[in-house]
Amino acid sequence: MNTMRMRGLYIFLFLSLFWFASYEKLSTTTTQLNLSLCAFIALAGVVFFDEKFQILSNIKNTVFYIIFSGLFFMTINESGKERFFLGIAGTLFALNIFFESDTSPWNGRTFFRTPWISTLFFANLIVIECIPGLSAETVMTLDLISLLSIAVSEIFILRRENGSETSNTYFSALRFILMGFSSYIYGHYFLPQISSQSSIFYLFGYVLIGISCISAAAAIFHKKSEEKLILFYIGLNCFLLWSATFSKKQGFEVIIASQLAAWALISARKRNDQILSRLLIFAGPAILLSIPILGFVYLQDVMKLQGSNLLWFGFIILSWVSLWKLPWKTWVDKKISIQQGVLVVLMLVISVVWAASINIDFIREKF
Amino acid sequence: MFFLLLPLVILAIGVISLVSYATSMEKPEPRTIWFAQLLTLLFGLLAQIFSEATNPLVYLHGGLLNDSLTQALSLFIFICAYFYVMSRFSDRYKISIHVTVLTLAAVFFADFAVQSNRIFFTVIAILGMILTSQAALLNESPSIFKTQISIGMIRKGFIFLILSTLVVAFCVLAFGETQLDEIQIFLSRTKDPLDQVGLVQWIVLIGASLVGGFLPFWGMFGNSRQKSDWAASVFFTTLFLIVTLQIFLKDGIFIFTRVSMGAKELEELAGVHLLTSLRIVASVGLIVTPVLALAAKNLRRSLLIFAVEPVLQIIFALSFGEKEIMSYAMGALPNLVLALGLMGFTLKTLNMQPNDEVKDWMGVGRKNSILSVMFLSSLWALAGYAPFYTGRLVQKTLCINSGYTTVLAVSFFLAGCYALRLSVLAFQKTNDEGESSSSPHKFESFFASIQFAVLILMGIFWQPLYKYGAYTIRHLFGEF
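Chains X and P are the protein sequences, given in the same order.
For the first sequence, my numbering begins at 71 and goes up steadily by one.
For the second sequence, my numbering begins at 1243 and goes up steadily by one.
I should point out that these hints are in silico values taken from the structure, not numbers from a laboratory.
There's no promise every hint is true.
[Unchecked claim] When the alpha-carbon atoms are kept at most 27 Å apart in a straight line, the in silico DSSO-like pairs for lysine-lysine are as follows:
| id | chain 1 | residue 1 | chain 2 | residue 2 |
| --- | --- | --- | --- | --- |
| 1 | P | LYS1671 | P | LYS1601 |
| 2 | P | LYS1469 | P | LYS1638 |
| 3 | P | LYS1609 | P | LYS1539 |
| 4 | P | LYS1609 | X | LYS130 |
| 5 | P | LYS1638 | X | LYS151 |
| 6 | P | LYS1336 | P | LYS1469 |
| 7 | P | LYS1336 | P | LYS1269 |
| 8 | X | LYS130 | P | LYS1671 |
| 9 | P | LYS1539 | P | LYS1638 |
[Stated by the list, open to error] If you want the ones that stay clear, here's a sample from chain P, every Cβ over 10 Å from chain X, calculated:
| id | residue |
| --- | --- |
| 10 | SER1266 |
| 11 | PRO1270 |
| 12 | ASP1333 |
| 13 | GLY1399 |
| 14 | PHE1402 |
| 15 | PHE1412 |
| 16 | LEU1415 |
| 17 | ASP1423 |
| 18 | LEU1441 |
| 19 | ILE1522 |
| 20 | ASP1598 |
| 21 | ILE1612 |
| 22 | VAL1636 |
| 23 | GLN1670 |
| 24 | GLY1701 |
Note that the Cβ used here is the ideal one computed from N, Cα and C, for glycine as well.
Make the full structure from the sequences, and use the hints.
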């Protein structure tokens, strides 16, 4: 069967499952429908860019992918905070079982080298929620730390995955999607009173954006291209978290950036730089385009937060420079098909238009 | 009175019969010995079940006490001994007469320590327990370590004797008595706080920590439980943990506190800060225990350190003196016995060696997934995670509005890290196939499966005991 037809069929099946299996769970609110569609695009993107047919050619991987999708979809439609974090813990649990069974062994010492640590964080969060002695901002900071743990562990896991010959390479993409969406949902649903939070909470946000800036700056000066990429990745993750924390109304850029990066990451899991380049070919333009376009809208919210503006600008400039400094020419891989190229551009356009349409009222008001 | 003594009498008869059998026969039959041990424990267990207190006055005569708490602790001692004997079903053709007799004697002393109404008797019984359990473990250790272990055993027994002599002497000096109910009545009626009370309670707390193996103490075993058989090592640890709980509860909490009117909470008697002291001891233990378990390279050492974790959770919960939390804490005790019993059996069957390090645990789950899952479940149960019963206890304790609960939350996370490490490593890919696990006997597998099922079902369905009218503060005190 033609590869593209096979993929198309798969996505059609998935779409059917997506809408019918969780019909009762679907919320009718516009935001949650938008979220569900975003999730669908992100998950479908992973199949589209699955270069080596890891998902389709192996029944174990296919089953896992469907389980993950179902759990993920249910998680983002949860309304309660505890249930939401329980959903993330469960989804990560499923992901980790498959990841650990196939990748290079963990040494048992450095806990961030296993994705299980993030699952443990989330499982603990549910318990910590019931401590009456803890203040609201402490709990929220713990929530953020848990989300950050996925980002931090991802950096170490990336190395572990690269070290394995047999490992499936789409796990990172799925983790990235989960993290991006979780940050967004957390920022938008659970922090309605963000502007009235205490200074501890803001301090944590500054730390995050500070890490983003440092990582982006380090990426500029680092010699090894793979290390550059990882450093940039840290910066991006922290930036996503920070965005979700501080943005109240416009947060879709978080999802868009994360899903584009996730699509790209699917083929960026091997040692050689040629494959790594795809991350930047796909994610680079997306980030470069989405940040300035949506950033303007986003900035309006951020401007209210005194002191963080400089950091925000700092990250934008540094990330651009770090992307500029990457050895693009040596990484260009001519094996990328035209179909894929067209799809990337299409997704990019859809994402930007979509994000713009969400913020259309705001844009009209300003222009 | 006779019914109260019956379980102890049965154990004593069992020990005497086995010794007589061993001395009269030239070659004692191991299988007969094993069955005799099993029967003694079975009859003892049944006698303990049916010796429920009907008229409380009867049960305070003499040196023994049988309220609901004592009854529960005694039952758990018998149950954990029963688990141990059942887990050695496949060893029944090679079991030693010395180990059997010493094990029964240790159970006898443990039961006596729990049931005793006098601190003096408890101390003597614990000393007997230390000697018999050390000797039993020694018998199962390689001969090269025996001299070293024997010296350690004498030294530790001596330290405990000094401490316990101090407790007894202070009790006699301060209260003129070592009988628990008399001391409590004396304290309740004294208007002026006594100077010695604080000292007595701290000696009791340190002594209990020493017996239970709370850090920085390594228990009353030293190297003996490090080198012996897995199941024996875990069994004697459990036995000592139950006795430790008894010391904390009866010799500690219930002497120095009383039920406050109306509130159904425990309040400290004049001049005593026992509950706060207890909370501090438990808090330190809760942090140090998982950290040291994570730091230990030797698998057995780390597991035996970690086994203390649920007891610390129970003591931490008890230290708030709140009725509902106390009933949850007592409910966690059978969970501890079940989890540790299952752990001893699975590790023995998985052929883990005494000197195995944590890295040797890698890939064990791929060789025998069922046993590994059983072991890991019991580990998560010890760590206090849902769906196991201790998960409920942790959740309930965290709901108390106190800054101390943060310690429990941190400990909960660290304990999770420890359980997580062994869980992940168990299913890692390894190049070295290594020694495969021995297949357990059909009977052993059946018994372990039941234990496993009860462990899970208990967490899901078992309601706290106070809902059935047991383990309320009134019951814990008995009908004084």
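Now the hints, each set against the structure:
no., hint, in the structure
1, P/LYS1671 / P/LYS1601, "holds (12 Å)"
2, P/LYS1469 / P/LYS1638, "violated (38 Å)"
3, P/LYS1609 / P/LYS1539, "holds (22 Å)"
4, P/LYS1609 / X/LYS130, "holds (21 Å)"
5, P/LYS1638 / X/LYS151, "holds (19 Å)"
6, P/LYS1336 / P/LYS1469, "holds (19 Å)"
7, P/LYS1336 / P/LYS1269, "holds (12 Å)"
8, X/LYS130 / P/LYS1671, "holds (17 Å)"
9, P/LYS1539 / P/LYS1638, "violated (33 Å)"
10, SER1266, "holds (53 Å)"
11, PRO1270, "holds (45 Å)"
12, ASP1333, "holds (31 Å)"
13, GLY1399, "holds (37 Å)"
14, PHE1402, "holds (36 Å)"
15, PHE1412, "holds (36 Å)"
16, LEU1415, "holds (41 Å)"
17, ASP1423, "holds (37 Å)"
18, LEU1441, "holds (32 Å)"
19, ILE1522, "holds (17 Å)"
20, ASP1598, "holds (13 Å)"
21, ILE1612, "holds (17 Å)"
22, VAL1636, "violated (7 Å)"
23, GLN1670, "violated (4 Å)"
24, GLY1701, "holds (15 Å)"
Of the numbered hints given earlier, the model fails hints 2, 9, 22 and 23; all others are met.
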